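Peer 1: So the chains spell out like this:
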Amino acid sequence: MIIDHPLLGPRDANEFVYLGDANLINRPDWTEKDADKQFYEYLYLRDNPSGYHRELWYHEQGDRSWLIVTRNTSTHEIKQVELAKDYHLEKSKSK
Amino acid sequence: MNELKPLANQESKSRFLNDQKNRLKTGQIINNKTMSFKFNGAKLNGFEGDTLASALLANDQVLVGRSFKYHRPRGIFSSGTEEPNALVSLGSDEFQEPNTKATTIKLFDGLTAKSQNHRGPLAFDFMAATDFLHPFLSAGFYYKTFMWPKSFWEKLYEPIIRSAAGLGALSGKPDPSSYDKGFLHCDILIIGAGPSGLAAALEAGRSKLKVILADDDFLLGGRLNSEKFFINNQSSDEWAKNAVAEIMQMSNVRIMQRTSIYGSFDHGIFGGLEIKYDHFKHNHKKPRQVLWKIYSKFSILSSGATERSIAFGNNDRPGIMLAGSIREYINRWSVCPGKNVVVFTNNDDGWRTVSDLKSNNIKVSAVIDVRKETTFHDKEMPVYTGTSIVDTSGRLRISSVTLSTGEKIPCDCLAVSGGWNPNVHLTCHQRGKPVWNDALNAFLPNNIPKTMKVAGATDGLLQLGEALKSGHLKAKEITELLGKKDSKSSAPSADNESVKNTSFWHVSESKKRCWVDLQNDVTTKDIKISFMEGFKSVEHLKRYSTLGMATDQGKTSNILGLAILAELSGKTIPETGTTIFRPPYTPVPIGAFAGRSRGKDFRPTRLTPSHNFAKNLSAVFVETGMWMRAQWYPKENESHWRQSVDREVLQTRSSVGICDVTTLGKIDIQGADSAEFLNKVYVNGFGRLPVGKVRYGLMLREDGIVMDDGTTARLDLNHFVMTTTTANAVGVFRHLEFCRQCLWPDLDVHLISSTEQWAQIAVAGPNSRKLLEKIVDKDHDLSNEALPYMGCKEITVCNKIPSRLFRISFSGELAYEIAVPTRYGNSLFEILMQAGEEFNVTPYGTEALGVMRVEKGHAAGNELTGQTTAQNLGLEKMMSKQKDYIGNVLSKRVELNRDNKIILMGFKPVDKSIELLAGSHFISKGKTACTDNDEGWMSSVAFSPILNHSIGLGFIRNGSNRIGEIVTAVDLLRNKQIDVEIVSPHFVDPEGEKLRA
Numbered sequence: 001m002i003i004d005h006p007l008l009g010p011r012d013a014n015e016f017v018y019l020g021d022a023n024l025i026n027r028p029d030w031t032e033k034d035a036d037k038q039f040y041e042y043l044y045l046r047d048n049p050s051g052y053h054r055e056l057w058y059h060e061q062g063d064r065s066w067l068i069v070t071r072n073t074s075t076h077e078i079k080q081v082e083l084a085k086d087y088h089l090e091k092s093k094s095k
Numbered sequence: 001m002n003e004l005k006p007l008a009n010q011e012s013k014s015r016f017l018n019d020q021k022n023r024l025k026t027g028q029i030i031n032n033k034t035m036s037f038k039f040n041g042a043k044l045n046g047f048e049g050d051t052l053a054s055a056l057l058a059n060d061q062v063l064v065g066r067s068f069k070y071h072r073p074r075g076i077f078s079s080g081t082e083e084p085n086a087l088v089s090l091g092s093d094e095f096q097e098p099n100t101k102a103t104t105i106k107l108f109d110g111l112t113a114k115s116q117n118h119r120g121p122l123a124f125d126f127m128a129a130t131d132f133l134h135p136f137l138s139a140g141f142y143y144k145t146f147m148w149p150k151s152f153w154e155k156l157y158e159p160i161i162r163s164a165a166g167l168g169a170l171s172g173k174p175d176p177s178s179y180d181k182g183f184l185h186c187d188i189l190i191i192g193a194g195p196s197g198l199a200a201a202l203e204a205g206r207s208k209l210k211v212i213l214a215d216d217d218f219l220l221g222g223r224l225n226s227e228k229f230f231i232n233n234q235s236s237d238e239w240a241k242n243a244v245a246e247i248m249q250m251s252n253v254r255i256m257q258r259t260s261i262y263g264s265f266d267h268g269i270f271g272g273l274e275i276k277y278d279h280f281k282h283n284h285k286k287p288r289q290v291l292w293k294i295y296s297k298f299s300i301l302s303s304g305a306t307e308r309s310i311a312f313g314n315n316d317r318p319g320i321m322l323a324g325s326i327r328e329y330i331n332r333w334s335v336c337p338g339k340n341v342v343v344f345t346n347n348d349d350g351w352r353t354v355s356d357l358k359s360n361n362i363k364v365s366a367v368i369d370v371r372k373e374t375t376f377h378d379k380e381m382p383v384y385t386g387t388s389i390v391d392t393s394g395r396l397r398i399s400s401v402t403l404s405t406g407e408k409i410p411c412d413c414l415a416v417s418g419g420w421n422p423n424v425h426l427t428c429h430q431r432g433k434p435v436w437n438d439a440l441n442a443f444l445p446n447n448i449p450k451t452m453k454v455a456g457a458t459d460g461l462l463q464l465g466e467a468l469k470s471g472h473l474k475a476k477e478i479t480e481l482l483g484k485k486d487s488k489s490s491a492p493s494a495d496n497e498s499v500k501n502t503s504f505w506h507v508s509e510s511k512k513r514c515w516v517d518l519q520n521d522v523t524t525k526d527i528k529i530s531f532m533e534g535f536k537s538v539e540h541l542k543r544y545s546t547l548g549m550a551t552d553q554g555k556t557s558n559i560l561g562l563a564i565l566a567e568l569s570g571k572t573i574p575e576t577g578t579t580i581f582r583p584p585y586t587p588v589p590i591g592a593f594a595g596r597s598r599g600k601d602f603r604p605t606r607l608t609p610s611h612n613f614a615k616n617l618s619a620v621f622v623e624t625g626m627w628m629r630a631q632w633y634p635k636e637n638e639s640h641w642r643q644s645v646d647r648e649v650l651q652t653r654s655s656v657g658i659c660d661v662t663t664l665g666k667i668d669i670q671g672a673d674s675a676e677f678l679n680k681v682y683v684n685g686f687g688r689l690p691v692g693k694v695r696y697g698l699m700l701r702e703d704g705i706v707m708d709d710g711t712t713a714r715l716d717l718n719h720f721v722m723t724t725t726t727a728n729a730v731g732v733f734r735h736l737e738f739c740r741q742c743l744w745p746d747l748d749v750h751l752i753s754s755t756e757q758w759a760q761i762a763v764a765g766p767n768s769r770k771l772l773e774k775i776v777d778k779d780h781d782l783s784n785e786a787l788p789y790m791g792c793k794e795i796t797v798c799n800k801i802p803s804r805l806f807r808i809s810f811s812g813e814l815a816y817e818i819a820v821p822t823r824y825g826n827s828l829f830e831i832l833m834q835a836g837e838e839f840n841v842t843p844y845g846t847e848a849l850g851v852m853r854v855e856k857g858h859a860a861g862n863e864l865t866g867q868t869t870a871q872n873l874g875l876e877k878m879m880s881k882q883k884d885y886i887g888n889v890l891s892k893r894v895e896l897n898r899d900n901k902i903i904l905m906g907f908k909p910v911d912k913s914i915e916l917l918a919g920s921h922f923i924s925k926g927k928t929a930c931t932d933n934d935e936g937w938m939s940s941v942a943f944s945p946i947l948n949h950s951i952g953l954g955f956i957r958n959g960s961n962r963i964g965e966i967v968t969a970v971d972l973l974r975n976k977q978i979d980v981e982i983v984s985p986h987f988v989d990p991e992g993e994k995l996r997a
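So the sequences go chain by chain: D and R.
Following my numbering, the numbering of the first sequence begins with 1 at its first residue and continues without gaps.
Following my numbering, the numbering of the second sequence begins with 1 at its first residue and continues without gaps.
All clues stand as given, with none of them false.
Some residues of chain D that are not near chain R, with every Cβ distance over 10 Å (derived): (1) His5; (2) Leu7; (3) Gly9; (4) Glu15; (5) Leu45; (6) Arg46; (7) Ser50; (8) His53; (9) Arg54; (10) Lys79; (11) Gln80; (12) Ser94.
If the Cβ cut is set under 10 Å, some of the chain D residues that face chain R in the computed set are: (13) Ile2; (14) Leu19; (15) Leu24; (16) Arg27; (17) Tyr44; (18) Ile78; (19) Leu83; (20) Ala84; (21) Tyr87.
Note that these hints are calculated values from the structure, not bench results.
What you are looking at is a predicted structure, and each value in this text was computed from that prediction instead of being measured.
Just so you know, even glycine gets a beta-carbon here, dropped at the ideal spot from N, CA and C.
Please construct the entire structure, taking both the sequences and the accompanying hints into account.
Peer 2: The following block contains the structure:
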């Protein structure tokens, strides 16, 4: 596979380390009343769709960026690649 | 008596030609250099440009092997990668290479080959008796026959079956040849240099785009070299030669001969195997094969088509060959495999073999066409239409065929044409499913990868004119997509030959065994049995009957097999479907996948800065991950490792020792929010750590399990240096980057790994300060007041070499770790040894390090197993309640906090002379040693030279409340039960007075 890195352009997937569902970005607030339930769901419950999936890839053999890759799990087509940092900052701005 | 010997230079060409019984007297090849080779010990001659198969056939060596299961005599069947029969072992000793296809091996001078799978001579195989047992050896026989008694399978049945049925053997020695890997990028990859591939390459090459043309053959042109066709009024082989010459002039085209594209992967990536050199003694220094990874923007698949057979009685005898292959042997290699040929066909293409045989004056005894009506007629020979072959005879070579009419026709060669299958394989590697075409009676590509285009016969365009046009057109489409203007060039022109065919798969009236898959000895009856036993899907049929498995992957048999299955089930072929084609298209040696990553080069080796020093002292090294670390430093009079290790510990504890600890991960952390960042990743607080201080930190995973531990020093307000364990250095850095970028990107913090930048040496023992004072530049005060326990300082040593000094201790002694830029590491180690002579300093290795940390009760890799919590380690008090940190919420889960949870404790044998065993489990006194009574386990043991007995660390339920209790440490594997006392894990200096001295 080739991942089109937003800063470095197309790179071979071998340079990356895979983590999983991009929802791991949305770490719950520990002060919430049901924090234990939220953390349990955050850590253990993952979607595993056949089709487009937002997932985290780490460019370990490269610039060490964490990326959110939107990949079709059945065809390996990659629709979008974002820097996790940019996505997170954008999200907190819109809050 | 003197033997008459001819002079070597008197061996004329005609002599070689006369040797080669089946070589025709015309053709290019007979003017080539003569090459001699050996087959089963017999010395034979061929010509440069031959394959092993064509040279064998030229020498009338039709019988080349024995079949997989029944040991039936088998001959060369085809002329390419589809070959099911002619598998031979090349070379000998460590150069032996089994299961190579004689049809794809380029002949070279001195080649030696052996046939496979027979005991005794090839012509009389003792194992041929298995053929008489065939009623018992049908599909799935081993699933049925060898089931009882169960224990016999592994010891008796399996070894017998494995030695009776099989292919060639490896030498059992390391392969002396070298292999390499390479990476290529191109705009257009053209796969296959047959008519459509060459037409595509000519057009693509003119565009100036970067083009790769790959073909597995050593002669480019594909079927153009096998046929007597005309293109632009030139003979087809001549045209191919000229086209290749023209393409070679194009600097933007890379031609890769002998390169098999074996896999099509995601996003235009292809795998290719290039054969650089033959497997031969004198050139094994250069890579013999190169595994290419080719990145393409677009690709054109012009891989041609493969002829299939027809199933009829005893259709596996030597001398029975594919009709198209016979044409290739005649036209390309001037070889005719027989003197008296019968042709059996279900389509027009078979008739072309008739015409090529005739034009070379080879006798054709009969043409048998299963069709009632054909457009072909021949008055010079008997033609049987609407007829088929039901049986053949001839043990080691076909001698006659029996027709459905009962008539028997003698022959020494039978050409069979069952139609052509487009080579769709590479269109399917990403789950593309080919579709059935009724007119062609073949599967055609469908759902092909986005950047791939299919040309020529692969796309079902079996006629030459059409194939050339399509190659040209597909190249044009791609160059336009890549922004090149429409070129005015036109496709090479050729006539379209007739390719009418019919769906005729097997001769149902045959009473004899009709072979479908020659490589796996699968017959039509086996397919029937599989079907009757419920294996009705093609995928099940394949696994149960082994149809389409092994080195040829059923290239000549798959469609035949599933057509028969379709007939049995009353379904159509498209309803039946094909099995999934997966990479590799052709076999790839494991050696090529390994490339240069063999033995020590499997992964990089990391050396510590003091490696040379340790090597000169004859240190024993241990691999820890990629690192080579000194394990202990034996002295001349020491014969047992314990002597060295005990001495190193005692010398360190009584005076001073030094140890290279560079392998621990170092992460440089800077930025205004560094302290807050550390607060979030460690369970304990770092916000109030003063500048110039170090703190031990414990890191959890989000699930509350310990991830890693280490010390972090605050060098400045916004500058920290974290250390990690050696094993987790990479994982922790990855985790911190995740936290920084994905969880808290608004923090101002920056990370960089500095493990390789700083050499770090532990200096431990009561004289460590005195030793350091000798090398630290005078203006730095090392007194206990100026640099107390857990202090750190940026200093200079040995006349202005920048250095970092940390007063931390893993051994429990007064100790420091000193860091200098890596290039000074070895020298610093030497200087410390020289300066320490007066203190009797010792270097110590990882064993002594381990002994001292067990004595001190520090957890290490044996304790941080990914299953233990901070509570288990007895570090609950470190867990802050004031702040959030990774693992904070889930570490509070009830199950992790039960009163009877396991706690890290120390263990002493009651009988001090007994050695403790790591891995033993704790059982309360008097209870049975069983899982229900298991209370924990011993994780680390060491012999303490200070205490003079064995000590251990381990986890035991409710341990902190059980100090003084005697339990049994049970090791059922080594059958030992040892009574041990539960003690504090801190065996040495529990109050930490030494540390603070």
